[in-house]
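S.K.: One letter stands for each residue in the lines below.
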Amino acid sequence: MTKIKHLGAGTLAFSLLASTAALAEDLKIGMVVTLSGPPAALGQQIVDGFQLALDQKEGQLAGLGVELIVEDDELKPDVALLKANTLIEREEVDFVVGTVFSNMLQAIFKPVVESETFLISPNAGPSTFAGRNCNPYFFATSYQNNQNAEVSGLIANEEGFENVFVMAPNYQAGRDNVDGFRQTFEGTVSDEVFTPLGHQDFSAELARISTSGSDAIFTFMPGGMGVRLVNQFDEAGLSETMRFMSVFTTDETTLPGQKDAAVGFLAAGSWAPDLPNEANAAFVAAFEEAYGYIPGSYAMQAYDTANLIESALAATGGDMSDKDAVRDALRAADFTSVRGDFSFNNNHYPVQDFHKLEIVKREDGQFHTSFVRTVAEDYADSFHAECDM
Amino acid sequence: MSLTLFLILCLNGLQYGLLLFLIAAGLTLVFGVMGFINLAHGVQYMVGAYLIFAFTGLTGSFALALPLSLLAALAIGLLLEYAVFRHLYARPHLDQVLATFGIIIFLNELAKVLFGPTTLSIETPAFLSGAIQLTEQLRYPVYRLATIGVGLAVAIGLFATISYTRIGMLVRAGSTTPEMVAALGVNVTQLFRVVFGVGAMLAGFAGIIAAPIFAIEPGMGDNILIIAFVVIIIGGVGSIGGAFVAAILVGLIDTLGRSVATDLMSLFFGPSMANQVGPALASMLIYILMAAILVFRPKGLLPAKGVVA
Numbered sequence: 001m002t003k004i005k006h007l008g009a010g011t012l013a014f015s016l017l018a019s020t021a022a023l024a025e026d027l028k029i030g031m032v033v034t035l036s037g038p039p040a041a042l043g044q045q046i047v048d049g050f051q052l053a054l055d056q057k058e059g060q061l062a063g064l065g066v067e068l069i070v071e072d073d074e075l076k077p078d079v080a081l082l083k084a085n086t087l088i089e090r091e092e093v094d095f096v097v098g099t100v101f102s103n104m105l106q107a108i109f110k111p112v113v114e115s116e117t118f119l120i121s122p123n124a125g126p127s128t129f130a131g132r133n134c135n136p137y138f139f140a141t142s143y144q145n146n147q148n149a150e151v152s153g154l155i156a157n158e159e160g161f162e163n164v165f166v167m168a169p170n171y172q173a174g175r176d177n178v179d180g181f182r183q184t185f186e187g188t189v190s191d192e193v194f195t196p197l198g199h200q201d202f203s204a205e206l207a208r209i210s211t212s213g214s215d216a217i218f219t220f221m222p223g224g225m226g227v228r229l230v231n232q233f234d235e236a237g238l239s240e241t242m243r244f245m246s247v248f249t250t251d252e253t254t255l256p257g258q259k260d261a262a263v264g265f266l267a268a269g270s271w272a273p274d275l276p277n278e279a280n281a282a283f284v285a286a287f288e289e290a291y292g293y294i295p296g297s298y299a300m301q302a303y304d305t306a307n308l309i310e311s312a313l314a315a316t317g318g319d320m321s322d323k324d325a326v327r328d329a330l331r332a333a334d335f336t337s338v339r340g341d342f343s344f345n346n347n348h349y350p351v352q353d354f355h356k357l358e359i360v361k362r363e364d365g366q367f368h369t370s371f372v373r374t375v376a377e378d379y380a381d382s383f384h385a386e387c388d389m
Numbered sequence: 001m002s003l004t005l006f007l008i009l010c011l012n013g014l015q016y017g018l019l020l021f022l023i024a025a026g027l028t029l030v031f032g033v034m035g036f037i038n039l040a041h042g043v044q045y046m047v048g049a050y051l052i053f054a055f056t057g058l059t060g061s062f063a064l065a066l067p068l069s070l071l072a073a074l075a076i077g078l079l080l081e082y083a084v085f086r087h088l089y090a091r092p093h094l095d096q097v098l099a100t101f102g103i104i105i106f107l108n109e110l111a112k113v114l115f116g117p118t119t120l121s122i123e124t125p126a127f128l129s130g131a132i133q134l135t136e137q138l139r140y141p142v143y144r145l146a147t148i149g150v151g152l153a154v155a156i157g158l159f160a161t162i163s164y165t166r167i168g169m170l171v172r173a174g175s176t177t178p179e180m181v182a183a184l185g186v187n188v189t190q191l192f193r194v195v196f197g198v199g200a201m202l203a204g205f206a207g208i209i210a211a212p213i214f215a216i217e218p219g220m221g222d223n224i225l226i227i228a229f230v231v232i233i234i235g236g237v238g239s240i241g242g243a244f245v246a247a248i249l250v251g252l253i254d255t256l257g258r259s260v261a262t263d264l265m266s267l268f269f270g271p272s273m274a275n276q277v278g279p280a281l282a283s284m285l286i287y288i289l290m291a292a293i294l295v296f297r298p299k300g301l302l303p304a305k306g307v308v309a
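Line order of the protein sequences matches chains A and B. Just so you know, we're using our numbering here: the first sequence kicks off at 1 and counts up by one. Just so you know, we're using our numbering here: the second sequence kicks off at 1 and counts up by one.
Pulled out of the complex, with its shape left as it was, chain A reads as follows (with noise of 0.2 Å):
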């Protein structure tokens, strides 16, 4: 198990850190997050985007010592459960921060909920809680799984692109991912493949592609699988001929892999490092000064989750007790989002705006997604209409 005791800034002095100690007591956050096997630095850079918020701070959230205690799921359901079960009850924390993927998302949300613990997901959107079975309960900062893909659907009639070829997984976010991209896409699907998770060899469907006349491809090929693709889609000279775009699969974890090959593809997502904002601008110098890598939305959501939960505390005077009051200045959002402008829908999803995103590589040699411009404003998922909150 790990556990970071966050007890405001280590290098005080004994008689300071006694006191801080104490506080110490005040707030307790638990998180859940993929901190093992492949998908690891997904749930680093959450570990790392909310600690930068909570250093920023001197470990406290509107006045109030914060102990995070940092659970990894491992990208298992059942170890998941037992986490957050040892959380809510044994640890017995205020707010539970997770997860990375949907499918540990759903593992823990029911016995999160019912214990009444706010749950906040600092990435995995899925659509299972978006609509009919939103909670009272459950924020999510990040996105509805679905919209990054729509909004991709958006960017491709924007080119113009007319026969996309379209990729992913076969698993749910996989097929959340296709659905998503359907639902805009004007032009037509040349073709729909489905490749196992965890896909090491794309030559067989480069060649597919190749035969598609296709203008284009849209993927979602998360982690080591983007690494794979993108670089045997350049090598096998794919590039030339037509357009990458895709969610999650060029983005600030996959990029230190694939290098040149993935410069000029395009993404769609709510945020970029060079997004342009004061708070971001910020955010970004100091994540990097802090960690030395730069960040990606994973670590950026982490951040804006750890300030949204200073802002609803700061509003109730950091009282925990009454869960309606804290509810109300959670939806409120009162907080400086590096994204931009952010409010949270009436099923607690964010309403943000999209942008278009292309690859470069910096002046010193690092890759990361860049903002091109904003494709859907204030955009909100298409199944909040079926929550009844």
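If you are wondering where the hints come from, they were derived from the structure by calculation, not from laboratory data. Fair warning: this is a prediction, and the values are worked out from it, not measured in the lab. Glycine included, every Cβ here is placed at the ideal spot set by N, Cα and C. Be aware that a few hints might be false.
[To be verified] Using C-beta positions, here's what the derived DEER-type ranges look like:
| no. | chain 1 | residue 1 | chain 2 | residue 2 | range |
| --- | --- | --- | --- | --- | --- |
| 1 | B | 61 | A | 285 | 34 to 40 Å |
| 2 | B | 97 | A | 157 | 50 to 56 Å |
| 3 | B | 123 | A | 159 | 27 to 33 Å |
| 4 | A | 263 | B | 75 | 37 to 43 Å |
| 5 | B | 194 | A | 361 | 43 to 49 Å |
| 6 | B | 98 | A | 343 | 51 to 57 Å |
| 7 | A | 213 | B | 59 | 40 to 46 Å |
| 8 | A | 179 | B | 98 | 39 to 45 Å |
[What the hints assert, rightly or not] Now the stretches of chain B that chain A is said to cover, found in silico as 3 or more residues with beta-carbon under 8 Å:
| no. | stretch |
| --- | --- |
| 9 | 5-13 |
| 10 | 117-125 |
| 11 | 138-145 |
| 12 | 213-219 |
| 13 | 255-262 |
Add chain B to chain A, keeping to what the hints say.
M.R.: Below, chain B without anything else, positioned relative to chain A:
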């Protein structure tokens, strides 16, 4: 399916099969000769990939990094044997599984600590970075062809060593009646160590040649280990020839199956159903083959001589 696509699929299947063979060869020898279940064998594949990444970074040359990585993979294999595995040979299989599983977790975490959790990649070595223009849009990288050639060469070399050299004879004898070989004055411990080291090095070599094609990440050896076990069960435990045939078979079935299954299913179902059933069925094919082998030829396709199954 066009002829080009079929050709590409066959090449990929062959390439994947040879990669599997490099891993399964070590696994089957270690299991056959020592009766030792080494779950940590797959992690050697990952170690190879990280080694070539590290050495390419240090030396700036793939050609220079290759021998260094091979030596390091051998050294790590021998070190593991010396530090952990040799204490386990006499223990029951469950203890071996537990201990070697522990090694997997340890090395996966170590890779993460040393290199970070993100997926890494290395460039194809410059002298193999060309490509053959197959169709107007599609190129086939020379590097992939080279891996097929190298894989075949290693397979032939290994087969010749096992079949025609003194050490090969000892390995074959040791795999069936280790007590008898020991009674004839052969240092079986030493023999085991050589087999183990070579096995680890072969798995490392597989990781090295796979690194420029596939990405490098912690835990990359875990899935391939399962497939390698499927290969040695199909081929016959302890049999190099069996491992070769089974690896090529599994490689081809897996690769071709993925493309053909969906097309085949769309003859019976609508497109969306076929897209659901096809990939699911394709990923089951090799396990179905394994089950069939276990039922009809429990010793495997080409069992090692004298093995009592």
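S.K.: Against the structure, test the hints numbered earlier, and report the numbers of the ones violated in rising order.
M.R.: none
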